[in-house]
Amino acid sequence: MRIRLWQWSRAVIGAGALLVPITHAKALANPALAYETVEPARIKLGETATIRVTSLDGYLDDIQLPKVAGLTFEIVGRAQGLEFINGQASPAWYILIRVTPQALGLFSIPGLTAKSPALGLEVVAENTPSSFSWQVQKSAPPAPAPHSSASIPKGARLKADAAAFVQLSIPTRPVYVGENVPMDIEVGVRPGVVTSMNGLPALNSSDFTLTLSKQPLRRDQNIDGNPFLVMTWHSALTVVKPGNFSLSVETPLSVRVDTRSADDQAFGSILGWPFSQIPSKGVPPKNITVASSPSELKVLSLPAAGRPRDFGGAVGEFQASSEVSSTRVAAGDPLTLKLHISGIGNFDRVESSMFDHLDHWKTYPPKSSVTRTDPGGTRGEKVFEQPLIAVSSGEQSIPPLEFSYFNPTTRRYERVRTQPIQVMVSTSLADSSLRAPSEGRAPEQGSARQLARGLRPDHSAAAGSVRDLRPLYFRLPFLGIPATLTLVLAGLAVRSRRARPTVKTAERALAQMSAAAHSGNSSLFLETARAAVLQALAHRWRLPPEQIGSTELRARLGKTGAEIDRLFALADEARYAAGESQDTDYSYWLALVRGELVRGAS
Amino acid sequence: MRAVKVLLLTLGLCAGWTLATALHAPEQRYSADGLYNLANAYARAGKHGLAVLNYERAALLAPGDADIDSNLAQVRAAAHLPPDPHGRFARIVLALPPSISAWAGVMGIALIGIGVLGARTLSRSRWLPASSILLGTALVVLTVCQAMVLWPQMHAAVVLVNETQARVSPAPMGDTAFVLAEGETVTLSAQREDFALIRARDGRSGWVARANLGAVIP
Chain A
107 MRIRLWQWSR AVIGAGALLV PITHAKALAN PALAYETVEP ARIKLGETAT
157 IRVTSLDGYL DDIQLPKVAG LTFEIVGRAQ GLEFINGQAS PAWYILIRVT
207 PQALGLFSIP GLTAKSPALG LEVVAENTPS SFSWQVQKSA PPAPAPHSSA
257 SIPKGARLKA DAAAFVQLSI PTRPVYVGEN VPMDIEVGVR PGVVTSMNGL
307 PALNSSDFTL TLSKQPLRRD QNIDGNPFLV MTWHSALTVV KPGNFSLSVE
357 TPLSVRVDTR SADDQAFGSI LGWPFSQIPS KGVPPKNITV ASSPSELKVL
407 SLPAAGRPRD FGGAVGEFQA SSEVSSTRVA AGDPLTLKLH ISGIGNFDRV
457 ESSMFDHLDH WKTYPPKSSV TRTDPGGTRG EKVFEQPLIA VSSGEQSIPP
507 LEFSYFNPTT RRYERVRTQP IQVMVSTSLA DSSLRAPSEG RAPEQGSARQ
557 LARGLRPDHS AAAGSVRDLR PLYFRLPFLG IPATLTLVLA GLAVRSRRAR
607 PTVKTAERAL AQMSAAAHSG NSSLFLETAR AAVLQALAHR WRLPPEQIGS
657 TELRARLGKT GAEIDRLFAL ADEARYAAGE SQDTDYSYWL ALVRGELVRG
707 AS
Chain B
11 MRAVKVLLLT LGLCAGWTLA TALHAPEQRY SADGLYNLAN AYARAGKHGL
61 AVLNYERAAL LAPGDADIDS NLAQVRAAAH LPPDPHGRFA RIVLALPPSI
111 SAWAGVMGIA LIGIGVLGAR TLSRSRWLPA SSILLGTALV VLTVCQAMVL
161 WPQMHAAVVL VNETQARVSP APMGDTAFVL AEGETVTLSA QREDFALIRA
211 RDGRSGWVAR ANLGAVIP
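Chains A and B, in that order, give the protein sequences.
Heads up, the final residue of the first sequence is numbered 708 in this note's numbering, and it's a clean run with no missing numbers.
Heads up, the final residue of the second sequence is numbered 228 in this note's numbering, and it's a clean run with no missing numbers.
Looking at chain A on its own, in the form it has when it is part of the complex (with noise of 0.2 Å):
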């Protein structure tokens, strides 16, 4: 059984030895190949399509780009490829052309290389619709030239293997300090062979800032017989630093690796479909990098000639309009105004300095918000939103607002330039509140002379006015006055409590006189009454009772004092008399006495 495999085998592949001279024959016979394509056939005004010219044998020197009334072409990249045939990977150099149209109608665009046919293309108005599919005739390409493995880099298969190929676009012309650049990324896999795609298109270097578009867009494309799903990402290159760049984009991917000799694969594309990809269904997927072809950059920096004094940094073609939310309001009333920068370029650089010249207004920090209209992200609008608020009333004039940039296809700094707004501005409401109204100003006579009809009728003019609405118990000079009166008062009642006790010891002083008095004992009255009146005098006078003598009582009470001192000498007497009774007028004792206390009390 084994003898009659091999038999057979080798029966095939002598056959097939046989076969590869004739094929590697036919390829020989075929002259050099270059071939274009344009995308889309059929375009809108405004829109724009690719010519790609395709070579497979060898790098494209300058090609001459046609003239055609009508259009205008645009060298905007180099890239160098994969093509695929027969499942075999060829390398492949590409020119990508943008064709922009300025007018309507059916083109014809001459060949680009020699041998090779025109291409049609139409351009239409915006409106129409795109039901009506016009195909352009394109002749097919020439057969591409088989491939030879001699011709293939080394490594080259194990990373394409027929199963992916990336392109990288760029425009050729140089380009500026933070310019946005549109770039496409085009990623092709073959379904099946590459099992997955582990990350997204990334660049080489970190002297740029790639912006890619959100999703891809996809398209199936069968390259010699073998499905690609074909990922392409309109995506914007932002430049941080002058000088020559070497770009590559690279993308992850898992592809299941053919491991088969090499002798073994040619046999199984001489087989074709299915047999050449059966081998490989069961080797286990394998991390590798497909990486474009480098291609040059030249980046420049801003020229400092001519550079505005407001110059932010933004780049590209902008346009500058502005309204106004209202063009009549109240003085204190808010309005906002929109400043709205269209155009092509880094929006981000586009700030908000063009407002801090806005006098006679008070403004608030603004908000801006950026709205893009292509995937790549270069072109869009950014509105700022500016609250605003008059401080004068009168018609106010919203001045023109400025914003320059750089320009990159002029090389120049421009400059652009909204249209001034005239703003009505009245006067406020508050201000005008103890105003009478004017005749003119009534919106709602119908209700106001409805309600006009039940209203009490007015006063006659009184005399009295105030200054202050505020009652008098809220203003702070006022307060003062019952705060003073609350104060004296509160002295007078402490001073008062303060006296208290004396006038109780006099009380208590003059009951005991009275008491000796009825008992008849004149020692205990006299010496009683003494240190009662001591003690009331020395109080009143501040000083201690010792220090209270005859001089001291005729100096200051007179004829009173004498009374007094003789009171106390009294009672000296009936001190030393001690048990003697003597004669004693109480009454008049006692009157002298509470006629002192009280007015010590007091």
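Treat each hint with caution, since some may be false.
To be verified - Examples of chain B residues toward chain A, derived with CB under 7 Å:
#, residue
1, 43
2, 88
3, 207
As the list claims (entries may be wrong) - One-sided excerpt, in silico: chain A residues whose CB lies under 8 Å from chain B:
#, residue
4, 436
5, 440
6, 473
7, 565
8, 570
9, 575
10, 697
11, 701
For the record, the hints were derived by calculation from the structure and aren't laboratory data.
Glycine residues also receive a C-beta, built at the ideal position from the N, C-alpha and C atoms.
Starting from the known structure of chain A, fit chain B onto it as the hints suggest.
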């Protein structure tokens, strides 16, 4: 004697301060009748906000005026605003004009003081100081109650523009929290630049442009 001197000195200082304040005050003068007539003019012109504002101001000077209360109620009804009737307590304490009530309070303090001092000196006839204290206390309570009733008016404002937006933040672009009708009375809580934080009668708070409000106390 010394206390009397202190009292006279203080009264002189207060009078001087009041005079100086009056001299520096704007020339604008208010009278209850003038404000009432002005409010009537605004009401006839259909300016409900300004009418309510001036009725409220007139009511501060003449709280018990029936004409002011009646016309204010009519304007509120015409502006589709809920009525704001004074309670019985408020009517009682507002029976006396605030200017008289203020001096009545001072008199009440004096009567209380005289009563307290008299009770200590006049030990025989105690009814006289007791009556003085009672009358003085009544006057002081009346004044204090009137001040409590009128205190919210010191921070009140009237919405002058219909459909005034109360915002969640003091910025022209702030989100709208609710909308106020013209003539609605609100309480001012705070101020920040051109906005005032207000509290509506239903308890909601928001920032309103000051130009859209008229403070009852200008």
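Could you work out which earlier hints the structure fails to respect and list their numbers in ascending sequence? Hints 3, 10, 11 are the ones this structure does not satisfy, whereas the remaining hints hold.
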